[in-house]
Amino acid sequence: MSERTDTTTPAVGTEAKTPVADGDPPPMVRRKAGGRGELRKHVTLILALLALLLVGALTKGEDFLSTSNMITILTLASVIGVVTVGMTFVIIGGGIDLSVGAIIALASVWCTTTATQSYGVAGMVLSALLVGLGCGLLNGALIAYGRLVPFIVTLAMMVAARGLAEQISGRQSQLVTTDLLALAQNRVLGIPLLVYLFVVVVAVGWIVLERTTFGRRTAAVGGNPEAARLAGIDVRRHTLLLYAVSGLCCGIAAIMLTAQTTTGTSTNGQLYELDAIAAVVIGGTLLSGGFGTITGSILGVLVFTVIEDLFILNNLEQPIQAIGKGAIIVAVLLFQRFGRARAVPTLT
Amino acid sequence: MSTTVSLPRRGILLSGLAAGAGVLAAACTSNDTTAGTQVAGNTGDNAAAGQQVRVGFSAPAADHGWTAAITRNARAQAEKFADVTLNVTEGTNDVARQIEQVQSMINQKADVLVVLPFDGNALTEIAKNAMAAGIPVINLDRVFASALAYRTWIGGDNYGMGVNAGNFIVRKLRDAGIGDPVIVEIAGIDSLQLTQERSRGFQDALAAAGFRIAARQSTDFTASGGQQVASQMLQATKKIDAMWNHDDDQGIGVLAAIKQANRSGEFVMVGGGGSAQAMKEIQAGNSPLQATVLYSPAMASSAVALARLLGQRRALGDLAEHDVPAKITTFSAVVTKDNAEQYLANGY
Numbered sequence: 000m001s002e003r004t005d006t007t008t009p010a011v012g013t014e015a016k017t018p019v020a021d022g023d024p025p026p027m028v029r030r031k032a033g034g035r036g037e038l039r040k041h042v043t044l045i046l047a048l049l050a051l052l053l054v055g056a057l058t059k060g061e062d063f064l065s066t067s068n069m070i071t072i073l074t075l076a077s078v079i080g081v082v083t084v085g086m087t088f089v090i091i092g093g094g095i096d097l098s099v100g101a102i103i104a105l106a107s108v109w110c111t112t113t114a115t116q117s118y119g120v121a122g123m124v125l126s127a128l129l130v131g132l133g134c135g136l137l138n139g140a141l142i143a144y145g146r147l148v149p150f151i152v153t154l155a156m157m158v159a160a161r162g163l164a165e166q167i168s169g170r171q172s173q174l175v176t177t178d179l180l181a182l183a184q185n186r187v188l189g190i191p192l193l194v195y196l197f198v199v200v201v202a203v204g205w206i207v208l209e210r211t212t213f214g215r216r217t218a219a220v221g222g223n224p225e226a227a228r229l230a231g232i233d234v235r236r237h238t239l240l241l242y243a244v245s246g247l248c249c250g251i252a253a254i255m256l257t258a259q260t261t262t263g264t265s266t267n268g269q270l271y272e273l274d275a276i277a278a279v280v281i282g283g284t285l286l287s288g289g290f291g292t293i294t295g296s297i298l299g300v301l302v303f304t305v306i307e308d309l310f311i312l313n314n315l316e317q318p319i320q321a322i323g324k325g326a327i328i329v330a331v332l333l334f335q336r337f338g339r340a341r342a343v344p345t346l347t
Numbered sequence: 000m001s002t003t004v005s006l007p008r009r010g011i012l013l014s015g016l017a018a019g020a021g022v023l024a025a026a027c028t029s030n031d032t033t034a035g036t037q038v039a040g041n042t043g044d045n046a047a048a049g050q051q052v053r054v055g056f057s058a059p060a061a062d063h064g065w066t067a068a069i070t071r072n073a074r075a076q077a078e079k080f081a082d083v084t085l086n087v088t089e090g091t092n093d094v095a096r097q098i099e100q101v102q103s104m105i106n107q108k109a110d111v112l113v114v115l116p117f118d119g120n121a122l123t124e125i126a127k128n129a130m131a132a133g134i135p136v137i138n139l140d141r142v143f144a145s146a147l148a149y150r151t152w153i154g155g156d157n158y159g160m161g162v163n164a165g166n167f168i169v170r171k172l173r174d175a176g177i178g179d180p181v182i183v184e185i186a187g188i189d190s191l192q193l194t195q196e197r198s199r200g201f202q203d204a205l206a207a208a209g210f211r212i213a214a215r216q217s218t219d220f221t222a223s224g225g226q227q228v229a230s231q232m233l234q235a236t237k238k239i240d241a242m243w244n245h246d247d248d249q250g251i252g253v254l255a256a257i258k259q260a261n262r263s264g265e266f267v268m269v270g271g272g273g274s275a276q277a278m279k280e281i282q283a284g285n286s287p288l289q290a291t292v293l294y295s296p297a298m299a300s301s302a303v304a305l306a307r308l309l310g311q312r313r314a315l316g317d318l319a320e321h322d323v324p325a326k327i328t329t330f331s332a333v334v335t336k337d338n339a340e341q342y343l344a345n346g347y
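Chains as they are written, first to last, in numbering that gives the first Met the number 0: chain B, 0 to 347; chain P, 0 to 347.
Please note that the accuracy of each hint is not assured.
[Said to hold, decoys possible] Simulated DEER-style distance windows between Cβ atoms:
| id | chain 1 | residue 1 | chain 2 | residue 2 | range |
| --- | --- | --- | --- | --- | --- |
| 1 | P | Asn-128 | B | Leu-53 | 50 to 60 Å |
| 2 | B | Val-54 | P | Ala-146 | 23 to 33 Å |
| 3 | P | Lys-237 | B | Ile-319 | 16 to 26 Å |
The set of hints was computed from the structure by calculation and includes no laboratory data. Where a beta carbon is used, it is the ideal one built from N, C-alpha and C, also for glycine.
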């Protein structure tokens, strides 16, 4: 990761060397997880989002601002949003997970095999969660206890899990015949159940990251593993758990995607790893670890989803969409850069 | 990912077909053997066993229902012939790897090669080498850049798919008495030449009837891509009369989006490719999908059959030719509720 050279990386190590009891990380880390700088960062993101909404309102007016379109945007953001929550944990913890898309493919294929579907919704949900969690634990074990590089381990998982998904499904789309589809079709107060599930995952993710020891340890481990170890944190076990969280999120996302597309196929979740990483980075999380927020990541996901929606509603052609997306991402990142530069004093 | 078909091919193909039809008609009507009249000499004996033929087969990775079916069809066809040994190399989307595979089949002195190149341009030179080494190459579907690179080409008709989808929609709309219809198109991967040809055929057929496309978006041949794009297009277009979706795998997602938006009964939908699932849906008659235009992987079976005939120096039965023809374009039949039964066996 070239981002390691980022000069704005907070130097956690110096303060954290003071011995602190297990479960009570150094005060500096706690402040970084939710300081004043964070607010300023989100202001730039929120402004970017508002600007996009304004463009949508100006170009496509009623269609874009309609309730049903807003719900469509939220629904589309749901699946990738859940993946991004897991990815945020991994990246703050100083790692990376390239295997999320492939794990989704494997979990969706696994939970739609006839054997699994014959146990109904419960069987499908359970198998998807177990596959996701299992893949995450394997990633984590290889990285934490096998001492392998996260980039390579998750790359290997990305290839292998997709291959296994193709093997199991015979590259055929496996249609869902159970009530699982209700997750995407049924609505409460006009909002699809998928969106509620997304909100729950985000809320849980936010609480864990911002309000629990686990969250504070995540930032500590990502900021400076050696300091975290000296502070009494079991860095290896914690790393293992971070990848397990990411895998579990993939399992949840696989259930959602399967319900949404009515099928489990080995092409599910293609390139989700890049979308999730991009959303996390746009959300202000440092690729080098140690600092980041769920709120930022979710705003990042929304920015991406709104851009795409904007383009499709205006019926722009693919090449124009690609150029536009690239330009907007760079613009938002430049915004972030200026925001972060000003935020540095409050961080350190 | 730029692929395949060189532009002037269409003209050549059409004239070739016309000439072929002429010859066929001549052959059929000529019972009296006047001088200069050719009679199909091989009729009926193509099934009889001949000398052993070793056929080498190379195709892209089976990462999609269609590509998976290509290899399956080739294998199944080869098993039917006692006099054919099929050497199937592992499917790959890596051009360098596929070149190696073809080279190794040349080294093993295969009698005939069947090659579906991942990228026709990139594989042209190695196919030329095979031809120069005296090994006839059957070019399957994606076309090599030079006619020197193959003995016979057999493949699908992307332009014809578009035309047939367009004609079906025009007929349906005329029957319903709709004057100024809203027609939308969901294409596959836009950077592929095959997608561009499908779209051109569709556009031409609609234009001939005085209709035009109201909105067009492309996606990625996957169910999740289809779901995402379709759900947003449905937002953008409040009233739709007809929709053509290029690919039945991505069609699973498109149909899911239509159902989730509660717009199942609103318009005529035509698919593309001819998956077994799509045909079953058409048969059931309770979905917007009323037809699909074929791009049948059975062409791989035909390619192996042709390879056998080439290896045994025989011609095609029923054609008044001494040899296997240079080009064969498969027909993109329109599969509807009425004829689905007939085509279901070829569904991938």
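Outcome of the hint check:
Evaluation of the 50 to 60 Å hint for Asn-128 of chain P and Leu-53 of chain B yields a pass: the beta carbon distance comes to about 59 Å. Range check, Val-54 of chain B to Ala-146 of chain P: Cβ separation about 50 Å, and the 23 to 33 Å hint is violated. Here the CB-CB span from Lys-237 of chain P to Ile-319 of chain B is close to 23 Å, well matched to the stated 16 to 26 Å.
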